[in-house]
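Asker: Each chain, letter by letter, is given below.
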Amino acid sequence: MFDRTNLQVLANHARAAAENMAHTLHRTAHSAFVKETQDFTVMLMDRSGATFAVPLELGATWFPGLSYHRAIAMVDDYRPGDVAFTNDPYSGHVATHAPDTHLWKPVFIDGEIVAWTGGHIHNTDMGGAVPASISRALTEIHQEGIRFPPVKLVSEGVFDEMILRIMSTNVRKPDLNIGDIKALVGALNTGERKILAMVKKFGKTGFIEGVAALLDHAEAQAREVLRSMPDGTWEFADYADEDSVEANPCRLKLTLTIKGDEAVLDFTGSDPQLGSSLNVPSGGDPRHTVLLVGVYYVLYTLNPKIMLNSGLTRPFTCITPQGSVLNPVHPAAVGMRSLTCARLRSVIFGAFSQAVPERLPAAPAGNNCIVNVMTTDERTSRSVIAAVNPVVGGGGAMPHRDGTNGSGADAAYLKNTPIEITETETPVEFVKYGLARDSGGAGRWRGGLATEMAFRVFAPDSRITARNRDRSFFRPWGVLGGKAAGLSDMVVNPGTGHERRLGNIDTAVLQPGDVLEIRSAGGGGRGDPFQREPWRVAEDVRRGYLSPTAAERDYGVVLRDGAVDEQATDQLRARHNPSAGHFHFGPERDGYEAQWTPAAYYRLHVILDALPIHWRFFVKTEIFRRMKGRSGADGVQAAFDAVCERFPELPRPRPVREAAE
Amino acid sequence: MDGAVAANEARSKSDWKVGVDIGGTFIDFCALEARSGRVASLKVLTTPEDPGAELITGLALLAEREGFDPTRMTRFVHGTTVGINTIIQRKGAPLALFTNAGFEDVIELARLRMPDMYSLFCSRPDPLISRDMVFGIPVRMRPDGSESQAPDMAAVTNAVTVAKAKGAQGIVVSFLHAWRNGAQEAAVKAAVTRLAPELFVFTSAEVWPVIREYERSSTAILNGYVHPRVSSYLTALEERLKGRQVPARPMLTKSNGGLMNAAEGKRACVNMLLSGTASGVIGASWLARQAGEDKILTLDIGGTSADFALIIGGEAQFGTGELIGEFPLHIPSVSVSSIGVGGGSIASVDAQGVLRVGPESAGSTPGPSCYGRGGTQATVTDAMVVCGWLGHSEMAYGQLTIDAGLAHRAVSELAARLGRTVEQTAQAILDIAVSEMFVEVEKLASRAGVDLRDFTLMPFGGGGPMLGAFLARELGMKRVIAPRRPGVVSALGGLVADLRGDFIRTIFSPLSAESLPAVREAFETLAQEGRDWLAAQGHDAAAELNLFCDMRYLGQSYEIEVVLSPEWLVKSDTAAIEQAFHRTHEQLYDFHDPRGAIEIVNVRLSAIGAGPVLSFPEADEINAPASPARRLPVYTGRTVETVDLHDRGTLVPGSTFLGPAVVVQEDTTFAIPAGTQARVDRHLNLLLTFAE
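Listed in order, the protein sequences are those of chains L and W.
Following this note's numbering, the numbering of the first sequence begins with 1 at its first residue and continues without gaps.
Following this note's numbering, the numbering of the second sequence begins with 1 at its first residue and continues without gaps.
Check the hints yourself; a few may be wrong.
[As the list claims (entries may be wrong)] Subject to a maximum C-alpha distance of 25 Å in a straight line, what follows is the list of computed PhoX-like cross-link-like pairs (lysine-lysine):
(1) L:K415 - L:K432
(2) L:K152 - L:K173
(3) L:K200 - W:K166
(4) W:K266 - L:K201
(5) W:K295 - W:K571
(6) L:K152 - L:K201
[Said to hold, decoys possible] Not close to chain W: a few residues of chain L, all C-beta gaps over 12 Å, as computed:
(7) R15
(8) H26
(9) T61
(10) Y297
(11) A362
(12) M374
(13) P587
Read the hints as simulated data drawn from the structure, not as lab findings.
Please read all numbers here as calculations on a predicted model, not as lab measurements.
The beta-carbon is built from N, C-alpha and C at its ideal position, and this holds for glycine as well.
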């Protein structure tokens, strides 16, 4: 048994090793993806492949609970100096889309593996149908680039040149991939060295027992947080605006059950796997890290001293039906799973928000839109491809303060690029980059404001992609009387005669002089806005966060020359009826759910679950096509009957069970 | 040294040169009597309510105790916290920002990314200028420096009226692409000065004309924010010194480790914000060079934090983006990493029975329990007292006393919860505190790509010597060098510093034969600016001009500093510049790309006017075992041992002893673990070497 008095010392040494690995990779990597976007992770793993330490300052926030055990088991005969790797989302379930290349390395003591070092980089391109290997429109994994199943990349210190050649032959930027992979191998070696130093300090047995104690400690901390919550079951659903080019919503449904110090996250009722690349390949692992990212945020928010390692995942069990968007089967495409993951996080936040309403914020904007421009430099006639600023929105209003403006909550890791740098390197001219007035959900505490960015191009046929755009229809929700936030949008030539609204579309072609404006959603509000102190409302108006009209309409605060008219405000507020219910979703979702009631969704899933997996998305789409004028469970059944009539080849569903609800 | 300087030196043999560092709790003095080479040091409590008063008190004390004569003070260098405190306490001037319409939120959005990124409650600090004091002016510059929209002067006039009505005392003007062409900013500044001469105005290009709008704007805002306080403080100080017939004009230490005069300090206030930590590193590198040490890791532990810096080749390292309170500072500064663990960090036991240290701190008020000022929680300092390393002599020049009973009481509460002895618990607290620092130092080393086993640790400050040896061993370092006066290293840093001004031009173009003339022209302009600057500081001797280029491979998003030889520019030797870049990239990042296109982002110049050559007394080493003043019980990790206590004042060059041992002196206490060989060198540094 490891001496717990010294556990923090071991934890610090483990974190130092992880930070060291991260800095080594960050320092020696070649691509902007690793160096600037910091889309990478590194970790130390125990003998089974469960992560026990991650860096806290560099890299992405997704993988502190990742376990490599299934991928590790797919390679035989590890020797000192070996490094294995994979980028296949369907083997071993460590990679969650093809650009993510995961590596792991055994650490030997006396001929025995005592630990592993591992990590991933997001490769700029892995080949396939489109540059960067990611597009929502792709429909099968084979279009998303070359895939390597788990295999040794380095054997006893020597790179397998054949693997590197095969990769180089198949990808668009081989130098970047190879450079980054070698940098990651360097980081794994650093981690190995640091683990050996820890073994020297703590002894082999002490190290192994200490690592187990670190996992146990994180588990105990997570259980303590769960115990602080009431027992119960909470349901929540949220939607991505579009499931594919078909543009029907994609629904994620969660039933959260907390009992004592354990929780079950049942995602039954989430949509079937999609004919687009929005699927999240969890492999059905009940504790897959990609399903639990929202949980890490909740735990860390409720206890900032929590240790981030895979011990945190132990009290949680996820249920993801096979063939669903959260557990797709091969060969479903998965490249854009990050959009769905953002919704997955908001579903988790919504469920926990009902369990501990007094301790968690409203919904963050939840659309981490990455903008790329492909245009021509008129001075050189050369084509230019560049990333411009991410357009992310505000955090949800917190129990004790307003949501953070312009980004925050689960988007805080994103960084922007200075306008002066972008304009100098890329022939675009920014017209605006700032916060959007009236975009934060109204509340006792206001949601964080949205960002809006507008720029002009100068060359014909300039192509813009705005990946991960969402929340143009379903608003980030408010809680406890707080209102839903403003919607995201994308508009060509706003405020002119040639204005074109693009809604949720994530690409645009611009002509010389065209201005594209991209706006994110805002963060949801918290608490009754009519309870917000009038001086705060007046301050928001003074700062341009809020219009006087919205102050009066949403907050019941009347301003005269910038000052609060107390009498008029009192009168207005006296007539106010606070809204009931835990959530406020806004008119769009209320309208949608008047047609697509819970019973309608239940019926839809009963119908689809009875079909072979490869029929489900097709049938979902065909039912949606026939829902005009229909609603509820009967409407869905009628639409399905019409689908059966149109497609007699449709496999005969088993008899439909009666809906329980 | 040229003749004029030598003559000056000769004339000033009996003069006093004084370095002063004003910290949070104490103000430190390091005074050199030039003729005898005698060094006097002193600590006085600060008087935050009347900054500058403690300085006069200290000088009076120096006169009383050391025979210091203010009328013979020919050099007076000081670092002040007036600027940084103004920011941390948010007590600066009400300002307005004039910026491009459409970009009013740049200072709030900053660079988006936030620390604490796993928390749904993460947030950015409120900007120093709130959004209602930001005025969008219709105006626009293209990235090539051509004007696409002239400033709308009607909007400027209106903004000045409103800003004044809202109580602005100063205006910061920051427009896009002013790094390339500052004319629009200058025109608006002229208009504001005409319309409202009572307002002070700073433009972003005049403060620091670097590309990147957030970084440039925030630097100009920090400058404006502290300007009135710093300026009035310096004016008052000049008056006070004049009143005491001090011949020296006061010089100020800067974040870049150099000096400037007070007139410059009133205008370029932003340059002094991190001067305290910077001059500590400058003092340490001076001591390191004197002792012949090449690679040093400095460690300065205070009540609430520990600061680390690397010294390589005897020189401090520089960077940008150092934090001032919550705000990053983007002018070149001495690189110092900091972690929130210090002597006052509080130990606690969590719900799972795991012992932790920090991040909560007892600070200097109430301070550790053992100070007897009302603190009741166990801190790192209390753990040192419980183990017996600390508390055997007066501390901080007699201004603190240690109550071991209070320390015991605080630690024993935790011990009861852990089921350990009080000593075991105290030892665990020390181990954890050291491991927290270990994380930070490991990060620093891996960022810099250095192997700490090649380095020597130099602890200073009041707390560095307490834990320095333990940290060095944890890091696998072999040696520790502790200066004779660890408490006044920052003050010494000011005393020995050079005048140093930094200048920048952003070029932002590919490196090629075509772009070289622009680089050469920029260098010539900067060289002239540098010479003029030195002359304005009153420097009439030779100038040292160091040229740097910030360069990167095309497509990279941040640049690295490459030292340039002016000769390469004169000869248009593109190849030599390319080689230098590839070489530096290889050194820093372990790879370079011979085919990669290179981009020049900035040309920078440091103009250095060498400070006086100071010589401190040296003595020959007499190899002799030191004789301890007494012996006392110390818990050294597993058992209580009887260890030697040495009085630092009795140690002479060549004195040797073995650890475990305690060394006490007026401003600090050294804990020296078992397995250590200690020796005093001819500069009176204490050298510790660990057995393998």
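Asker: State for each hint whether it applies.
Answerer: Consistency of the hints with the structure:
Pair hint K415 (chain L) plus K432 (chain L) holds up; C-alpha atoms about 18 Å apart against a cutoff of 25 Å. Restraint check for K152 (chain L) and K173 (chain L): the C-alpha separation of about 22 Å stays at or below 25 Å, so the hint holds. Our distance criterion of 25 Å between C-alpha atoms is broken by K200 (chain L) and K166 (chain W), whose separation comes to about 64 Å. Note on K266 (chain W) and K201 (chain L): the hinted pairing is violated, with a Cα-Cα distance of about 53 Å set against a maximum of 25 Å.
Distance restraint check for K295 (chain W) and K571 (chain W): the Cα-Cα separation of roughly 35 Å exceeds the 25 Å cut-off, and the hinted pair is therefore not satisfied. Between the alpha carbons of K152 (chain L) and K201 (chain L) the distance comes to roughly 30 Å, so the proposed pair goes past 25 Å and is violated. Against the 12 Å criterion, R15 (chain L) falls within the reach of chain W, whose nearest CB is about 6 Å from its own CB. Interface exclusion of H26 (chain L) from chain W breaks down, the closest Cβ pair being 8 Å apart, not more than 12 Å.
With a closest Cβ-Cβ approach of about 6 Å to chain W, T61 (chain L) is found to fall inside the 12 Å limit, against its non-interface label. Listed as outside the interface, Y297 (chain L) is inconsistent with that label: its C-beta sits roughly 5 Å from the nearest C-beta of chain W, within the 12 Å cut-off. Against the 12 Å criterion, A362 (chain L) falls within the reach of chain W, whose nearest CB is about 10 Å from its own CB. The Cβ of M374 (chain L) sits about 15 Å from the closest Cβ of chain W, beyond the 12 Å cut-off, so the non-interface label holds.
Listed as outside the interface, P587 (chain L) is consistent with that label: its C-beta sits roughly 26 Å from the nearest C-beta of chain W, beyond the 12 Å cut-off.
Checked against the numbered hints listed earlier, the structure breaks hints 3, 4, 5, 6, 7, 8, 9, 10, 11; every other hint is satisfied.
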